[in-house]
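With the hints as extra help, turn the sequences into a complete structure.
Protein chains: 2
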Amino acid sequence: MTFTGKQLTTQLDADGTLTVQLGDKTWDAPKPGQVLIKVEATPINPSDLGLLFASADTENATYSPGKVVARMPENATRAMKARHGMAMPAGNEAAGTVVAAGEGAEALMGKRVACVPGTAYGTFAYADAAMCMPVGDEVSAEQAASSFVNPMTALGFVETMRLEGFTGIVHAAAASNLGQMLVKICQADKVPLVNIVRSPEQVKILKDLGATHVLDMTEPDFMPKLIDAIAETKAMIGFDPIGGGTLAGQILTAMEAAASRGAAFSRYGSSEAKKVYIYGALDLGPTILNRAFGLTWDLGGWLLTPFMAKAGMEIVGRMRARVASELTTTFASHYKARVSLEDMLSKEAVGAYNARRTGEKYLVLPNG
Amino acid sequence: MTFTGKQLTTQLDADGTLTVQLGDKTWDAPKPGQVLIKVEATPINPSDLGLLFASADTENATYSPGKVVARMPENATRAMKARHGMAMPAGNEAAGTVVAAGEGAEALMGKRVACVPGTAYGTFAYADAAMCMPVGDEVSAEQAASSFVNPMTALGFVETMRLEGFTGIVHAAAASNLGQMLVKICQADKVPLVNIVRSPEQVKILKDLGATHVLDMTEPDFMPKLIDAIAETKAMIGFDPIGGGTLAGQILTAMEAAASRGAAFSRYGSSEAKKVYIYGALDLGPTILNRAFGLTWDLGGWLLTPFMAKAGMEIVGRMRARVASELTTTFASHYKARVSLEDMLSKEAVGAYNARRTGEKYLVLPNG
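In order, the protein sequences belong to chains V and Z. The opening residue of the first sequence carries number 1 in UniProt numbering; numbering runs sequentially from there. The opening residue of the second sequence carries number 1 in UniProt numbering; numbering runs sequentially from there.
These aren't lab readings, by the way, just hints derived from the structure by calculation. Any given hint might turn out to be false.
A pair holds if it fits inside one copy or across any two, identical chains being indistinguishable in the list.
Straight-line Cα separation of at most 25 Å, DSS-like style, residue types lysine-lysine; simulated pairs [said to hold, decoys possible]:
1) K204 - K190
2) K225 - K81
3) K225 - K6
4) K67 - K38
5) K234 - K347
6) K81 - K234
7) K111 - K6
8) K25 - K6
9) K184 - K207
This is the structure in structure tokens:
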């Protein structure tokens, strides 16, 4: 039996032309250990956008039904040399119904599952059966669509904190779906959390969830308030999805100021460990560190897959079980709009979701 | 018995006035476990300058015999609140002759030692006997003056590489005294080393020492050459004393390019660990990261004292023994000028050593 439908691909050519388009595709029977799902709902996450459009000029692109052609800046084109000329499918995660099962995966046949195909922007998608999470009929595809990236990342932050010996977290751009999950996890686990957001509306979103520390970085007294909050919570590990600009450095500066409070002067700064992870690139510009934080500090990249490899099966298993049992509560997601595969490539939709604004996430429904 | 002489201090007041001056001082008998040395030679290291002058405007300062009064920028004054109003002695390391010994340190009486007083810019200085290294009559005070900061730092880089599982080093501003020591250590230990320098003259200095990879960052083909050198040596840990500007990020970018060579495209970059430590601030400006290096990377501060605490007694003991036995070979230092305590505070001297230029280190001879 074969299945036919559409698949979205993104191709960057050596001359800087980026083509994102829908094409016809046929899916054969899945291999052993795999299932084929009919994709019901799949979110557009910032991590998908890095592959779909990267830093291409979508504002001045050419839009036609099911096709976008844009220019990629020269340095980005050069940096992504390894993908030149390849039509790459995209879409990290999805929920759908299993329509065919490979050897050893027969038990999933006909079930609705949350999964991580990597090719979810299509009518159908293959998925690793071991990574599929059956969700039961009372859970909708929309509720199950974002079961992996955000929930596992939010849980991963708390596990990272524990593994590295810290006892409180600073989170930037904290009003996102992921940030709201983190607020709920930290409440349940009694982990002190300092939330940094970018507007009074976002302060309200998190305060309504019961968050204690919510700071608006656009306020003039943001830095003194951040120092106070860190001094109170001892939150010496931070996670920042913005990446560009001065915020990561400001968090380190506030950690240093909080750690130095009442201490004798040291020309080298405090000896207390302070660490910030950049886990996204909402701002593609350079990270600027003013280094007013002594010599005991650390800034690094954080990515879910290597974290899971490092954390090991036991921790990851515990994380997955928690996601499954709290899918419609702690890990509920919110979407601004729902689009078909075709509408996903309209100028209006690309302009909206590619802006990566908090609270404006799109959900794709490939089968209507 | 008491000893009298001069002591240099640096004081920052709340109004931004920085006063660096010589004052009269009397030294009493040392406490148990301490010795008093007559300071013969003490270097001015970049780590001393952070306390002595920090970012004060020494160009427009007022110079009088034995006294410099300068303005500190407002943000730096605020950041160093903990030292306001305190006349702090300075001078990390020195060589001198023990003129008085506290209880338990009698064996050092009359010996020439290398030591780490922290107050070495004076006629005399107390030093922790456990940190004193007797050097024997065949070694001059000048040869022994820089026995701690640079040698232990250079050895610390190699130990850090080993402790963190890396197998090759990238070093920036590599023509410094410290950099020359690192070249010799890496040759002896067969550790691949990529040296980054800032002029053709500095290339020659390191090539004359037998260094294999010496790259001039002012050359137009610096980046492709750096990528090649890292690909060849697998040097995935870097040490940068410059701090400000784009170099630390360029090193990470070159590591990523070397790690990705021949690999399939990943939107998240290579999964190979890559790390750069900033261990100084030759450039006080912001660190600028263009983040063209995926999400598996790490940037941190490196400081000798916490490193030694983490490395433990056995490793530190091995490092110290090596310094003692190779003091006039591997760990030989070079100075541009020798000055008295008074001349150390002349406009000419301050202007020269505070510029922190490679190859222009000053040595202070407090007793002529």
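Verification of the hints:
1. K204 - K190: within (21 Å within a copy, 59 Å between copies)
2. K225 - K81: Result: close only across copies, 18 Å inter versus 44 Å intra.
3. K225 - K6: neither (51 Å within a copy, 45 Å between copies)
4. K67 - K38: The answer is within: 22 Å in one copy meets 25 Å, while 80 Å across copies does not.
5. K234 - K347: This pair counts as neither: shortest intra-copy Cα distance 45 Å, inter-copy 45 Å.
6. K81 - K234: between (43 Å within a copy, 21 Å between copies)
7. K111 - K6: Cα proximity of K111 and K6: one copy only (22 Å, versus 85 Å across).
8. K25 - K6: within (6 Å within a copy, 85 Å between copies)
9. K184 - K207: Within. Shortest intra-copy distance 12 Å satisfies the 25 Å Cα cut-off; inter-copy 59 Å does not.
Violated hints, in rising order: 3, 5; the structure is consistent with all others.
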